[in-house]
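One-letter residues, chain by chain:
There are 4 protein chains.
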Amino acid sequence: MTQAWRCLRAIRLTATSRCFSSTAHRREIRDLADLPARVHPKVKETSNHDLLALQWPSPPRNILLVRKDDDTEVQTALLEYVNHIRSSYPDIAIVFERYVAEQVHHNFDFPVYAPLSENSNALYQEKIDLTSTLGGDGTILHAASLFATAPRVPPILSFSMGTLGFLGEWKFNEYKRAFRQVYVSGAPSPLKSTDDPDTSSASTAKPGALQTWSNIKGKSMGHTRSSRILMRNRLRIGLFHSDGHRLPHEPPFAHRDHECEDIFALNEVLLHRGALPHLANITILIGSPPHQRTLTTAIADGFLVSTPTGSTAYSLSSGGSIVHPLVNSLLLTPICPRSLSFRPLVLPANTPITLRIDGSNRGKEIEVSVDGVRRQQGLKAGMEVRVVGEEVTKPGEIGQVADVVGGVPSIVRSGGAADGEDHWVGGLNSLLKFNYPFGEDG
Amino acid sequence: MTQAWRCLRAIRLTATSRCFSSTAHRREIRDLADLPARVHPKVKETSNHDLLALQWPSPPRNILLVRKDDDTEVQTALLEYVNHIRSSYPDIAIVFERYVAEQVHHNFDFPVYAPLSENSNALYQEKIDLTSTLGGDGTILHAASLFATAPRVPPILSFSMGTLGFLGEWKFNEYKRAFRQVYVSGAPSPLKSTDDPDTSSASTAKPGALQTWSNIKGKSMGHTRSSRILMRNRLRIGLFHSDGHRLPHEPPFAHRDHECEDIFALNEVLLHRGALPHLANITILIGSPPHQRTLTTAIADGFLVSTPTGSTAYSLSSGGSIVHPLVNSLLLTPICPRSLSFRPLVLPANTPITLRIDGSNRGKEIEVSVDGVRRQQGLKAGMEVRVVGEEVTKPGEIGQVADVVGGVPSIVRSGGAADGEDHWVGGLNSLLKFNYPFGEDG
Amino acid sequence: MTQAWRCLRAIRLTATSRCFSSTAHRREIRDLADLPARVHPKVKETSNHDLLALQWPSPPRNILLVRKDDDTEVQTALLEYVNHIRSSYPDIAIVFERYVAEQVHHNFDFPVYAPLSENSNALYQEKIDLTSTLGGDGTILHAASLFATAPRVPPILSFSMGTLGFLGEWKFNEYKRAFRQVYVSGAPSPLKSTDDPDTSSASTAKPGALQTWSNIKGKSMGHTRSSRILMRNRLRIGLFHSDGHRLPHEPPFAHRDHECEDIFALNEVLLHRGALPHLANITILIGSPPHQRTLTTAIADGFLVSTPTGSTAYSLSSGGSIVHPLVNSLLLTPICPRSLSFRPLVLPANTPITLRIDGSNRGKEIEVSVDGVRRQQGLKAGMEVRVVGEEVTKPGEIGQVADVVGGVPSIVRSGGAADGEDHWVGGLNSLLKFNYPFGEDG
Amino acid sequence: MTQAWRCLRAIRLTATSRCFSSTAHRREIRDLADLPARVHPKVKETSNHDLLALQWPSPPRNILLVRKDDDTEVQTALLEYVNHIRSSYPDIAIVFERYVAEQVHHNFDFPVYAPLSENSNALYQEKIDLTSTLGGDGTILHAASLFATAPRVPPILSFSMGTLGFLGEWKFNEYKRAFRQVYVSGAPSPLKSTDDPDTSSASTAKPGALQTWSNIKGKSMGHTRSSRILMRNRLRIGLFHSDGHRLPHEPPFAHRDHECEDIFALNEVLLHRGALPHLANITILIGSPPHQRTLTTAIADGFLVSTPTGSTAYSLSSGGSIVHPLVNSLLLTPICPRSLSFRPLVLPANTPITLRIDGSNRGKEIEVSVDGVRRQQGLKAGMEVRVVGEEVTKPGEIGQVADVVGGVPSIVRSGGAADGEDHWVGGLNSLLKFNYPFGEDG
Ligand SMILES: NC(=O)C1=CN([C@@H]2O[C@H](COP(=O)(O)OP(=O)(O)OC[C@H]3O[C@@H](n4cnc5c(N)ncnc54)[C@H](O)[C@@H]3O)[C@@H](O)[C@H]2O)C=CC1
Ligand SMILES: NC(=O)C1=CN([C@@H]2O[C@H](COP(=O)(O)OP(=O)(O)OC[C@H]3O[C@@H](n4cnc5c(N)ncnc54)[C@H](O)[C@@H]3O)[C@@H](O)[C@H]2O)C=CC1
Ligand SMILES: NC(=O)C1=CN([C@@H]2O[C@H](COP(=O)(O)OP(=O)(O)OC[C@H]3O[C@@H](n4cnc5c(N)ncnc54)[C@H](O)[C@@H]3O)[C@@H](O)[C@H]2O)C=CC1
Ligand SMILES: NC(=O)C1=CN([C@@H]2O[C@H](COP(=O)(O)OP(=O)(O)OC[C@H]3O[C@@H](n4cnc5c(N)ncnc54)[C@H](O)[C@@H]3O)[C@@H](O)[C@H]2O)C=CC1
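Residue numbers (the UniProt record's numbering), protein chains in the order written: chain A, 1 to 442; chain B, 1 to 442; chain C, 1 to 442; chain D, 1 to 442.
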């Protein structure tokens, strides 16, 4: 890899020309399709068995920025953040969702990228190296949904703003440090810094060419540790007709060409009675044929199959236990079941679960939602949702480096006393007010 | 009252002519408005402080029959039941809801009654002496909803068929005994029986005239105890604009002339996020100005304010305690609250509770449902639901006879070991499977 | 009653001599038995139907002070409080529990009272006009236990110190205002004040003589509202052998002469497996013979029958609903039941509940505790705890004055925005952290 | 391995002499220490990823029988079972706990074994090849406790009798088939049967010699599948003084020589207030130094750290979720916490959890129990229980054979429709009455 660093200077010079050569390119939206292919990060097993160390084989180039809508604080932060990335990491191409790009591109004096053709989800998963979100958990869920058809999701760096952020741990005012740490993860350390300001905005000569870590403009990289990653496992979800054929998914979760393959969810899939205040009858089956068994036919407002990540979302409100994201499992949580004896279940992640709309619901449609996004078309009697935890391959031993397939690599916050730790316990206390003590001053 | 019984025979003769004089009247739907005014029953305090003894000042005449729809078993039972009432109690006028009358009247060779004008709810409460239902709890709720604007509801005799009947305790095969017992409650006991079959179908000379107990056709009345009544208290519900003006209710709960007065619910009023899988923000206030206090602003799928009767309905599914119908209280139960620390509350029945749609819901409409019937129009930010338990006046001392104002007088099942007892404990075990024991043989 | 006020001045003069005539009487513990008989307060129904107005027919004289042990802050406060009462209301006799009197009497230069004979509980209920507690809920529970055999409990004025006080609402720094308000409740208002310091420490000539409101030393009484009272209903508890004979209670709940009559609890009665980690089998019966029904035989760590007051105590921790103290009811809450389908129940206060130790427990003893005090001797197979809500008679109409029988008259906090309101809703929020919101700033 | 089978016949002849040579050996208890060393089974990964196939390298010889006490049905079954094993598998040595051996040995006309020296637990884990239990879950827990100090536990074959058996799935009437299947698991299939009755009771020539599968007396082995094993992971538990030194465990969990090492629990470790009805204050820490974090200080009746196996035991009663035994996790479940916001947690099995007795408990001792067995000596302020899931190594790929270290290998029931399946889902329904439907007919 050292080879890459050597050609640093030369490349930077050309890179400059890419971005600033022509004012014509400014305030412009270019097609994401034109960017070079994605850089797949590697991960290294750490001694803290729970977290993995991020390792870029070459620096990330295509950064997707996802923001919460209709929030001026977020909007202001976005501009500051993008300008910082652009000036400090000039090699980086800034990508937005198309509608966002249209709203914001005139704020920047450089071109931004967005998927300009139809198959936006497919493009994201081919091109995006890193996603960064500004907003709350809903923003992270939305970002993840853009990769709902992808077995390999780029790392997500999330800043919580405006609303409760249980999933995204970074404060916005840490953005410079946070971004730098992610950027250099895997780079030979310390990066040699150059003092020559002229050469500091290096980038690749042309899209697709090998890229290396740039010197961060005007600053030495210093010594930095790799970012730590918490792999959040997802659900794999298929929808089926009573005759066994697949039903299509709807955007933002859709495959291209209306393919009806499985999609992935970060929090949960929900079946719910919807607007009509009458109960849903749902049969729950465990396992896959020929080992499939009926667990129960249940009458309820709805059902959730949730990931451990989702255990602090809707499942929590429905009375489910709180499950650490690294417990390899699925939660089956009923919503207002018409039974005194339905207790939430935690099953192994590899357990196939089928939720079948019972015949007794007759005309009634049962609504299905994924990560808080409702499918326009509800499910009718006989239709099924089939769910299983996604399969994840990880490096097995400390120090081993590997590709990760499966899961959403979430960059955990570093710094302070609990540097590089998993912040889950802290979040229980500070955000969920877990076991909040009785008494006056609480 | 003995005066009434003396003229028994004469009246019967004329009564016959009312119903059978002309074949032209058969298979006909007549207007409920033509029937004589309602007979208000009295109640007597019993030594079993929980239950009241039913006392008709004169025999009930106008019986409203409410059935579960689309159920052939129920339909068959209805015909049998109506024919029995008609032949054994020929004085009685059989009333249906209009759409039911249209479906069933051709099965009978005598006229049936239904509200043929608009103000059906108003008519029911002016005319109906007794309601009898065939179906499940939903049927009883529907029957009660026809009296949702009435401070004084006629007694309800309910037969459970087809579905779980937690509210209606009688089995259909007990219908003869059950009906007779209700009919004669308050009659001098034993009624003198006549053996003359010709005279056995007595009734009133003309609508509105004083009526007395008929000899039940071909049978001596024997000695019977008064029916026992469990008073089920209701909620009083008003809907309000943010400017304090009232919103109208919708059928079946509507007042005549689109009056926006309070209505009554037997189970609960529900605020719910509806079809959109996003949380509702609702502020809950306790008490009425100037003593009103904010309890909390809560984020949840929804909220229930429930009667004790409703404590075994939706509130149960949402984790509420089971409250005996005679505990004079209201339940405030959240549905999937986004909080670890929202515990269901039980408040005194006379506590005014206000649920205000919080401004933060912005455009989103929150759905409001009463006893399982959803209002077409949802509530917007600032709108309020105001709820309080209805006021009920009852006789205070054992043996005292009084009018009852408020509550739904529900006729409890008699016979067997626990004759005249409140069957609530039994229902917990046999229907709700309360504390169902672990183990093989269940 | 005006007669009483007229002889004010004369009486005061003699009263002085009672207390200060001889230094020999200082630092002395006198027998509570020597004090005059108790003054039973009356209550008046208020427009705020929930709370009653306290009305002394003549000023309270014998004040029992109950404090939390082993707490120096409480101890310091106690001295300040007693000295204030003594100097401002010199007619008042200060009573302590005997062991407390022995610890504290040397701090005072006047005699204090305590029960010096055996039957202390009997004495308290004959002599005490008002109880005042310094400490937490445990202190209030203890104070109530001293009246566990009394159908009529004197009002309790509680200051919370040191630990969470959900039951006692006053802050200690309000003690002067609080005490004065209680003291003058029912006095003609405004009391005529005299400026003559010599006459300001009036009291009764001799114990037993009629007493009247003293002018509070050196101060005009001004205009004060009556104190507001929240009546907290208790449980009535009996313990029975399998042969139907009663078992005795143990101190502090014991009757005199080891009588085995019912006792009263403010929070709850608890049956529990105790130290052995094996389940208890308990049969629960509802009603009294011949209408008694078996609710269930349950296997659990234990069971609670709780008052609404106790609903925020142990029952809360066991998953019970929060029930407002004015809901006239009993809670049946299981502790760790070996069942998926045991839901807490709320029953009418007049429901007799029997908890019978099942034969299957064989040798094992089940522990029984009342308000957190464990009976030394556990219960064996066949033994029963029988519980029912105490009967309470209250004035029925606004403005009506009456004796109250039953319940613990708890003086609610006045002042501030919610003057004279029931502070229950406030306590839920400030102390129990009810529906504590998620998010950063807590 | 085929070598072993070849010398079958010769060995059998000598083996016979071991057991029947002398009547002097009958009705005798011999020392378990005299038996040959244990045969460690292997396991093979199956296509049903959840279950492992049992593989004996040579036939099991030393069978420990554990029974429920004081149950005549169990006692009768035990005799029948032992006599069957003895006559059909004459090579097998029958082992009992010492007190059981003393009670039962006179029923048998052959010697039985028991640990006659002190270190019984150490002996069991050196000698026992297979444990078989007759009784309920308590019996299985007791059997597991005999291996509480062993990293490698022999397989357990459990017959449920008398009480609910959620852990033991076999019915006693299946004992012949069940035992045979376990016995031959791993044998070349089909075993060659000999028709020579004289040679059918083969056994080893002398203790310690190589042994092979015997022909089951008078019967051909036919073709049998290997038994399927569900590995139930345990907790590793240490008790510590406030100064960091270890506290000893007590029997049946004790190590030899009062060593204070960790022990293993199958269900849970419990901290509880015990007999005194006052709350326990416990600080919960997650992780191990230097990454240890305080989760919370909680006030409760107690706390459970439970395995997934234990999730259907005490944790269930305390409101915990039901966790499948193959979810590699720990449950932290509070018992009656004095908080509205303590939700049960599910943590990765490798999370170290520390429960520290808070200083505020002062003199009070907190009781500690393991799998339902209470330690005589409670824990005082400052003392700690440290818990982590045991580490388990398993074969990674289908068809691979390996030793298992860690976990209790539990033989699942075979036969019928769901042959060789994990019966957990079935148990939820049939035993725990999971989601038992409302309605009349149960
Ligand atoms: N009653 C409830 O609790 C409901 C919860 N939801 C949850 O909302 C999610 C969608 O989120 P939004 O689009 O933002 O909807 P939203 O605007 O309705 O907010 C959902 C809330 O859940 C929080 N949240 C989301 N994921 C979380 C997680 N994994 N852990 C902890 N908190 C989490 C968010 O911070 C936000 O406070 C769904 O996946 C579902 O889990 C949706 C509907 C009802
Ligand atoms: N998740 C839930 O538990 C939901 C419950 N409901 C309840 O359904 C009621 C409307 O009933 P339907 O029109 O029949 O709707 P439905 O056909 O959806 O059935 C509701 C179920 O609740 C039972 N039920 C109704 N009132 C009851 C009571 N007081 N005690 C015990 N069980 C009771 C009925 O027997 C039926 O099994 C609503 O008032 C609401 O309480 C409505 C929606 C969801
Ligand atoms: N796991 C639990 O929650 C347990 C609760 N208790 C409760 O403790 C009571 C005895 O109190 P202490 O002698 O002070 O014992 P304690 O010193 O163990 O404290 C009990 C706690 O309960 C609170 N408390 C008591 N009564 C209350 C009420 N009515 N509403 C709200 N909070 C209340 C107290 O403020 C204190 O925080 C018992 O009557 C029982 O209700 C007793 C044992 C266990
Ligand atoms: N309130 C409760 O639920 C309590 C439960 N226990 C449990 O009892 C266990 C000890 O058992 P025993 O000595 O038989 O005591 P025991 O005679 O008190 O019975 C405990 C009950 O728990 C069942 N059980 C035990 N382990 C189980 C499991 N893993 N899954 C499902 N059910 C299970 C048994 O079948 C029996 O019904 C402890 O490990 C603890 O889990 C102990 C005390 C109280």
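Be careful, since some hints might not be right.
Because identical chains cannot be distinguished in the list, a pair is counted as satisfied if it fits within a single copy or across any two copies.
[As the list claims (entries may be wrong)] Straight-line alpha carbon distances no greater than 35 Å define the calculated DSBU-like cross-link-like pairs of lysine-lysine that follow: (1) Lys380 - Lys176; (2) Lys44 - Lys364; (3) Lys42 - Lys380; (4) Lys42 - Lys364; (5) Lys394 - Lys364; (6) Lys380 - Lys44; (7) Lys380 - Lys394; (8) Lys44 - Lys176; (9) Lys394 - Lys176; (10) Lys380 - Lys364; (11) Lys44 - Lys394; (12) Lys394 - Lys42; (13) Lys42 - Lys176; (14) Lys171 - Lys42.
No lab work stands behind these hints, which were simulated from the structure alone.
When the structure is checked against the list of hints, which entries are broken? Sort them ascending. Violated hints: 1, 2, 3, 4, 5, 6 and 7; rest satisfied.
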